[in-house]
Amino acid sequence: MWNYEKRLQYPINITQPNAKIAQYIMSQYGGPDGEIGASLRYLSQRFIMPNRTTSALLNDIGTEELSHLEMVSTIVHQLTRDLSMEEIEKSGFGPYYIDHTVGVWPQAAGGVPFNACEFQSKGDPITDLFEDLAAEQKARSTYDNILRVVRDIPEIADPIKFLRAREVVHFQRFGEALRSIQEELDAKNFYAFTPGFDNPCTASCNGNK
Amino acid sequence: MKTNCSQKQLLNRIDQVSFAVNDMILYLDTHPCDEKALTYCRELVQERKKLLKEYADAYGPLIIDITDQTEESIWKWMEQPFPWEKEGVCR
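Sequence lines, in order, name chains H and W. The working numbering puts the first residue of the first sequence at 14, with every later residue one more than the last. The working numbering puts the first residue of the second sequence at 13, with every later residue one more than the last.
Be a bit skeptical, because a hint or two may be false.
[What the hints assert, rightly or not] Within a straight-line C-alpha distance of at most 16 Å, the following computed EDC-like cross-link-like pairs (lysine to aspartate or glutamate) qualify:
1. W/Lys61 <-> W/Asp77
2. W/Lys20 <-> W/Glu66
3. W/Lys88 <-> H/Glu196
4. W/Lys62 <-> W/Asp35
5. H/Lys19 <-> W/Glu66
6. W/Lys20 <-> W/Asp77
[Claimed, not checked] Taking beta-carbon pairs under 8 Å as the criterion, some of the chain W residues facing chain H (in silico):
7. Leu23
8. Tyr39
9. Phe94
[To be verified] Cβ-Cβ distance ranges computed for the label pairs, FRET-style:
10. W/Phe31 <-> H/Glu100: 45 to 53 Å
11. H/Lys33 <-> W/Lys20: 53 to 61 Å
12. W/Ile86 <-> H/Val181: 41 to 49 Å
13. W/Trp96 <-> H/Gln133: 15 to 23 Å
14. H/Thr207 <-> W/Trp96: 39 to 47 Å
15. H/Asp157 <-> W/Thr51: 29 to 37 Å
16. H/Val182 <-> W/Val33: 27 to 35 Å
17. W/Trp96 <-> H/Gly124: 52 to 60 Å
If you are wondering where the hints come from, they were derived from the structure by calculation, not from laboratory data. Note that the Cβ used here is the ideal one computed from N, Cα and C, for glycine as well.
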């Protein structure tokens with residue numbers, strides 16, 4: 014169950030509209046390594062984890078990603094309000110404008126719509142966690158790419174730097190969760206069976222499982 | 013930790029009051045000046061706060077804001093069974 018907090022995880026106050034940069038940054042909303050995919054990935058994967066540490070981590074990071082997609086869509090919204098028709102046409106924002114005006118819609122920077130095939134929920138905890146580690150790195154690279162474009166515009170770069178830093182923290186925590194699962198398996202063959210299917214959930218009530 | 017009857021009853025009460033809050037939020041979004049609804053919503057929110065505290069003291073926290081209220085040496089937040097675990101108890 015979720016409840017909403019009427020605030021952003023990190024403050025965003027963009028004063029200068031910029032249609033071109035909006036189109037770049039919207040990729041982190043609905044693009045291949047965007048925050049919608051991140052949130053749905055973790056919230057979908059959390060059910061089959063063999064220990065509660067990992068379920069809790071996926072639950073809590075999946076929840077944090079919801080606040081990140083709110084941040085990214087806030088940036089897109091603030092960059093596209095008060096745009097002139099002239100800027101829309103000359104910035105290359107025209108095709109998006111024709112379909113969505115300046116509404117926020119999940120697509121990649123190149124216009125490809127959001128698609129659940131951008132993430133996997135394989136039902137194998139080790140497989141899923143390796144995907145999660147890769148996903149955090151891919152998102153970090155995308156934020157690095159965005160930062161090269163916006164580095165001289167602090168009001169955009171600041172919240173993007175915050176989001177980038179969170180990718181690094183999530184990568185660290187997923188690595189710890191992966192280790193916790195591997196430590197509970199046969200060290201000679203982690204892949205002898207699928208812990209999410211062959212083994213019943215053994216989430217422990219006492220201690221750090 | 014075993015799920016006993018009073019824990020289930022308390023959680024059931026939290027479910028009911030919380031759902032009433034959710035529904036009142038929608039109503040008040042479109043009827044922001046309805047005084048009767050405002051009073052009712054305020055009562056529900058107070059009741060919810062009280063019940064969440066009561067539950068946290070007895071069984072552990074359901075929401076993060078309550079976790080720092082209990083002076084425990086272990087991170088109780090993660091000890092709570094997830095709602096999708098069978099019968100809401102550990103196996």
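These are the hints, each one checked on the structure:
1. Distance hint between W/Lys61 and W/Asp77 is fulfilled; the C-alpha atoms sit about 10 Å from each other, no more than 16 Å.
2. Taking the CA atoms of W/Lys20 and W/Glu66, the gap is about 13 Å. The hint holds against a cut of 16 Å.
3. For the hint pairing W/Lys88 with H/Glu196, the CA-to-CA distance comes to about 22 Å; that exceeds 16 Å, so the pair is violated.
4. For the proposed pair W/Lys62 and W/Asp35, the alpha carbon gap of about 19 Å is over 16 Å, so the pair is violated.
5. With a C-alpha separation of about 26 Å, the suggested pairing of H/Lys19 with W/Glu66 is violated against the 16 Å cut-off.
6. Distance restraint check for W/Lys20 and W/Asp77: the Cα-Cα separation of roughly 21 Å exceeds the 16 Å cut-off, and the hinted pair is therefore not satisfied.
7. For W/Leu23, the interface hint is violated, since its Cβ never comes within 8 Å of a Cβ in chain H; the closest pair sits about 11 Å apart.
8. A distance limit of 8 Å between C-beta atoms decides the matter here; for W/Tyr39 the minimum to chain H is near 16 Å, and the interface restraint is violated.
9. At its closest, the beta carbon of W/Phe94 sits 6 Å from a beta carbon of chain H; the interface hint therefore holds under the 8 Å criterion.
10. Look at W/Phe31 against H/Glu100: about 46 Å separates their beta carbons, and that is inside 45 to 53 Å.
11. One distance hint, 53 to 61 Å for the beta-carbon pair H/Lys33 and W/Lys20, holds here, with the actual separation near 56 Å.
12. The hinted window of 41 to 49 Å between W/Ile86 and H/Val181 is violated, with their beta carbons roughly 27 Å apart.
13. Range check, W/Trp96 to H/Gln133: Cβ separation about 20 Å, and the 15 to 23 Å hint holds.
14. For H/Thr207 and W/Trp96, the Cβ-Cβ distance of about 19 Å falls outside the hinted range of 39 to 47 Å, so the restraint is violated.
15. With their beta carbons about 52 Å apart, H/Asp157 and W/Thr51 fall outside the hinted range of 29 to 37 Å.
16. Separated by about 32 Å at the C-beta atoms, H/Val182 and W/Val33 satisfy the suggested range of 27 to 35 Å.
17. Remark: the range hint 52 to 60 Å for W/Trp96 to H/Gly124 is contradicted by a beta-carbon distance near 37 Å.
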